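All chains, please: the whole structure from these sequences, using the hints.
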Amino acid sequence: MPESLRDKVAVIGTGITKFGEHWEEDAGDLIVDAVNDACKEANIDLRKDTDALWVSTLYDWSGMSGWAAAEPLKLFGKPVTRVENQCASGMDAVRNAAYAVAAHRYDIVIACGVEKVLDQGGRGLSQEILYWHPSLPWQSAPAYFAPCAIRAFKEWGWTREDLAKVAVKNHQNGAKHPKAHFRREITIETVLNAPMISYPLTLFDCCALSEGAAAVVLTRPEIAKRLVGDKYATIKGMALAVETQWPYFKPGWTGLSFAATVRAAEDAYKEAGITNPRKELDFGIVHDCFTITELMTYQDMKLCKPGEGAELIRAGVTAIDGDFPINPDGGLKCFGHPVGATGVRMIAELTKQVLGRAEGCQVKDAKMGFAHNLGGPQAIAAVGIVGRPG
Amino acid sequence: MAGILSYGAYIPMWRMSRDEIAKSIGSASLGGERAVVSWDEDSLTMGVEAGLDCLTGFQPKEIDGLYFATVSSPFKEKQSASLVASILDLRKDIFTFDFTGSLRAGTLAVKSASDAIKAGTMKKVLVIAADARKAQPRSDAEQTFGDGAVALLLGEGKDPIAEIEDFSTIIDPIPGPWRREEDLYPKVFDGRLDTRYGLLKDIPQAVGNLLKKHSIQAKDISKFAFYGPDARSHTAIAAPLKIDAKSQMQDLLFKSVGVTGTAHCLLLLVAAMEQAKANERIVCASYGEGSDALLIKATDKVEQAKGKHKGTKYIASKKMISSYGRFLAIKKEIDVGWPEWEKSSVVKYWRDESWLLPLYGMKCNKCGALQYPVRRVCTNCGEKDNNVKVKLARKGKVFTFTHDYLLGPGNFTGDGINPTSRVLIDLEDGCRIWMEMTDHEIEEVNIGTSVELTFRLLHQKSDFLFYGWRARPVRQSI
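For the record, the sequence lines run as chains A and B. Position one of the first sequence corresponds to residue 2 (the working numbering), numbered consecutively onward. Position one of the second sequence corresponds to residue 133 (the working numbering), numbered consecutively onward.
Honestly, the hints are just simulated from the structure, not real lab data. Only a predicted model underlies this, so the values are computations on that prediction, with no experimental measurement involved. The C-beta atom is built at its ideal place from N, Cα and C for all residues, glycine as well. Among these hints, one or two may not hold up.
[Unchecked claim] Looking from chain A toward chain B, a few residues come up when the C-beta cut is under 10 angstroms (computed):
(1) TYR100
(2) ILE151
(3) ILE198
(4) SER199
[Said to hold, decoys possible] As a list, the in silico DSBU-like pairs of lysine-lysine whose alpha-carbon atoms are at most 30 angstroms apart:
(5) LYS306(A) - LYS529(B)
(6) LYS19(A) - LYS306(A)
(7) LYS303(A) - LYS251(A)
(8) LYS529(B) - LYS495(B)
(9) LYS210(B) - LYS409(B)
(10) LYS495(B) - LYS251(A)
(11) LYS251(A) - LYS480(B)
(12) LYS193(B) - LYS344(B)
(13) LYS344(B) - LYS250(B)
(14) LYS433(B) - LYS378(B)
(15) LYS464(B) - LYS451(B)
(16) LYS251(A) - LYS523(B)
(17) LYS251(A) - LYS498(B)
(18) LYS387(B) - LYS319(B)
(19) LYS9(A) - LYS368(A)
(20) LYS523(B) - LYS290(B)
(21) LYS521(B) - LYS251(A)
(22) LYS529(B) - LYS251(A)
(23) LYS306(A) - LYS280(A)
(24) LYS409(B) - LYS351(B)
(25) LYS155(A) - LYS527(B)
(26) LYS155(A) - LYS529(B)
(27) LYS255(B) - LYS521(B)
(28) LYS9(A) - LYS303(A)
(29) LYS251(A) - LYS516(B)
(30) LYS480(B) - LYS451(B)
(31) LYS224(B) - LYS250(B)
(32) LYS438(B) - LYS451(B)
(33) LYS251(A) - LYS464(B)
(34) LYS593(B) - LYS251(A)
[As the list claims (entries may be wrong)] Stretch by stretch, here's where chain A covers chain B in the computed footprint (C-beta under 8 angstroms, at least three residues):
(35) 480-494
(36) 501-509
The following block contains the structure:
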């Protein structure tokens, strides 16, 4: 029988750089900031106390290795592993780091992630290769999700206005977050009148490629108490599911649900002992790479029934002062999506929320929440649940 | 005697108004419009379309040879015929050959195929002629050229729709048109010289010899399907042969298509056969450093072919190119940043050619799921190495779609104006396939839209051309 991770791993330190365009820093500079901030919060000495480190980064696609963090930190002689799992890379780094701590192989570890797209020759929204085969279409990332919106419009009567409401809500939240890339409130008209990116998604339905780094320090609760007293959160569950990277070719694909999210949510909820997430959890941070993704994720994370996602945004349920706030930090809409950093930042945000440290965007009395990453063409999902200890 | 067992044709969707060209460059309009290949088409892809049209109702595996004629081959060194044969799903032990170098290449291919059939070395030969010739912007050719393809299935078969009774040929080392290895565009020293001392001498001579040999009067021929570089020269061929230009000359299709190079006189032959009655005779003649003439006699089976093929009905199915600028872009005369896919791999393309080109999916022997692309393990049930390749339907309906303004070939990456429409199609056989659309306007794409698959150039990389399938709205008027 597999064992649960629940309450076996504590998050004792978080570090998040400002997200945005970092013309004057390279990826290493950002890692140095995020990791050192996390160590400071955890009251540890990076070199003396850290046993191992996981670093997630997507670009340059391959060949980055553990050097992505070991070199800039000059953290040599320790096990450092690079993790890449598309847009779920960051949370997968945390997941792997957590297992090492739970297995008692290491006492104190760091999971961090970084992305530096300006240095890649890339620009603007992500242009990705889907199928890795020369005769199959390659397409932009928004075109992974836009066909799902078309189906939702047809099946459930959702509208572009419903999608726009997601962007408006997240921008309202993110405007208050000091580390966010975009800190401007917008209106529904802003979204609807923006340039079309992949019909029916406009510029404001899409998150931007951004730059930044995030880090968390993990240890076991008994060590956590010694280092930070009661100022730590615990991991309740972490799950990952990989589905086909060719969803559109899969017989029976509906476009109305993301199988990877459903599977990862089931697994993480089970590990955390959660049967009714809407009641037992207080908030969530979802992978709003596109507005349609956030609405679909409400359903796939079992916050509502299929088809009811748009009703949640219309009724204000997921507003920061609603019954179940989603993306109180402003989400990917305001942070952009530095792929390797995103998932790590989400775990850091969950930790800050449950410790009452989410300045500007604190969810009232947040005790436990989930974070969700979704990578590729809805193909790879990670779900992490973090709460107050016990 | 060899006969024509079937015919087919292909005219691309796009038309350019000659008035619009003339207005844009300040020259005189020759009137009407010309057919224009889409950015993702060339002589090879058009040839595939014409071949598919021609083979409707025939088994591709029964074909013993494929002759491909063009003066606008996508590769200067690399055979088109063998690639077209693979796409059309012909056998691998067949004889393939590219006929090129002269506008007579199409009729020469027909002659060679016919001879092989007569000699008994092959039973059925598919002859395809296709051209998308590049014309120098602002030249006359920009207006006179048209893009199109034609296919004839020749065979010894018992029931040809027409008999190829005889050939005659004349060679004539007239200067033009010519195109050197390093030239993009064909050149003519002086079109008037070519017409007066070439065209108007060679076609009448080749045709005259043929008629004389068979003791046939021009008035006994129902249609003359003659090549012509332009409408006026074409009409002038009638006089020396004592042909009634009005009733006997097969319309040049100049106002609607333009002159389609090696394909053209054969395209007119198809147009004539579409109207021919049993026992009527057609004379087809090409021109290019001489002339080849074919004497053709329709049989009573000619009626059976009518309506079976799209043929020249493609002409009525069209969309206008909105501006001269877009015309230059679609013909790749201006660099609009045609995308290259950095991850593309010639090796992968080669490895999967057997199902990519003729478009096969796979059916799992365990769960029965029909799927694409072909892989070792079933995406539905996980069964390993237990499946059969199945030829996929090439028609279906759109399940969902998007218009990708950010990335895609066919438009100008990231310009925010011309999106690539991507469609998820339920093919008629139940297979799901995700494709790019082509030949469409955004408004035409909706859930439930009927589409058909079309063979196109997908992209270029490493100076190699990657071909495959796209979807287009079902061509109307067909």
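With a cut-off of 30 angstroms on the C-alpha distance, tell me whether LYS480(B) and LYS451(B) pass.
violated (35 angstroms)
Under the criterion that the straight-line Cα-Cα distance not exceed 30 angstroms, is the pair LYS251(A), LYS464(B) satisfied?
violated (36 angstroms)
Against the 30 angstroms threshold, does the CA-CA distance of LYS251(A) and LYS523(B) hold or violate the hint?
Cα-Cα ~18 angstroms, so holds.
So if I understand the rule, the pair passes when the alpha-carbon distance is 30 angstroms or less; does LYS155(A) with LYS527(B) pass?
At roughly 22 angstroms apart (the allowed maximum being 30 angstroms), LYS527(B) and LYS155(A) satisfy the hint.
What's the verdict on LYS193(B) and LYS344(B), does the C-alpha distance respect the 30 angstroms limit or exceed it?
Violated. LYS193(B) to LYS344(B) sits at ~40 angstroms, over the 30 angstroms cutoff.
Taken at face value, is the distance from the CA of LYS529(B) to the CA of LYS155(A) at most 30 angstroms?
The given pair, whose Cα atoms are some 15 angstroms apart, holds under the 30 angstroms limit.
Given the hinted pair LYS433(B) and LYS378(B), is their alpha-carbon gap at most 30 angstroms?
Roughly 27 angstroms between the alpha carbons, so the hint for LYS433(B) and LYS378(B) holds.
Do the alpha carbons of LYS255(B) and LYS521(B) lie within 30 angstroms of each other, as the hint requires?
Between LYS255(B) and LYS521(B) the Cα gap is close to 28 angstroms, so the pair holds against 30 angstroms.
LYS387(B) and LYS319(B) were given as a pair; does the straight-line alpha-carbon distance stay at or below 30 angstroms?
holds (23 angstroms)
Sort out whether LYS516(B) lies within 30 angstroms of LYS251(A), counting only the CA atoms.
Cα-Cα ~16 angstroms, so holds.
Keeping to a limit of 30 angstroms between CA atoms, is the pair of LYS251(A) and LYS480(B) held or broken?
holds (21 angstroms)
Verify the proposed pairing of LYS9(A) with LYS368(A), using a straight-line Cα cut of 30 angstroms.
Given pair LYS9(A), LYS368(A) holds - Cα atoms ~17 angstroms apart, limit 30 angstroms.
Comparing the model with each earlier hint shows violations of hints 1, 6, 9, 12, 30 and 33; every other hint is respected.
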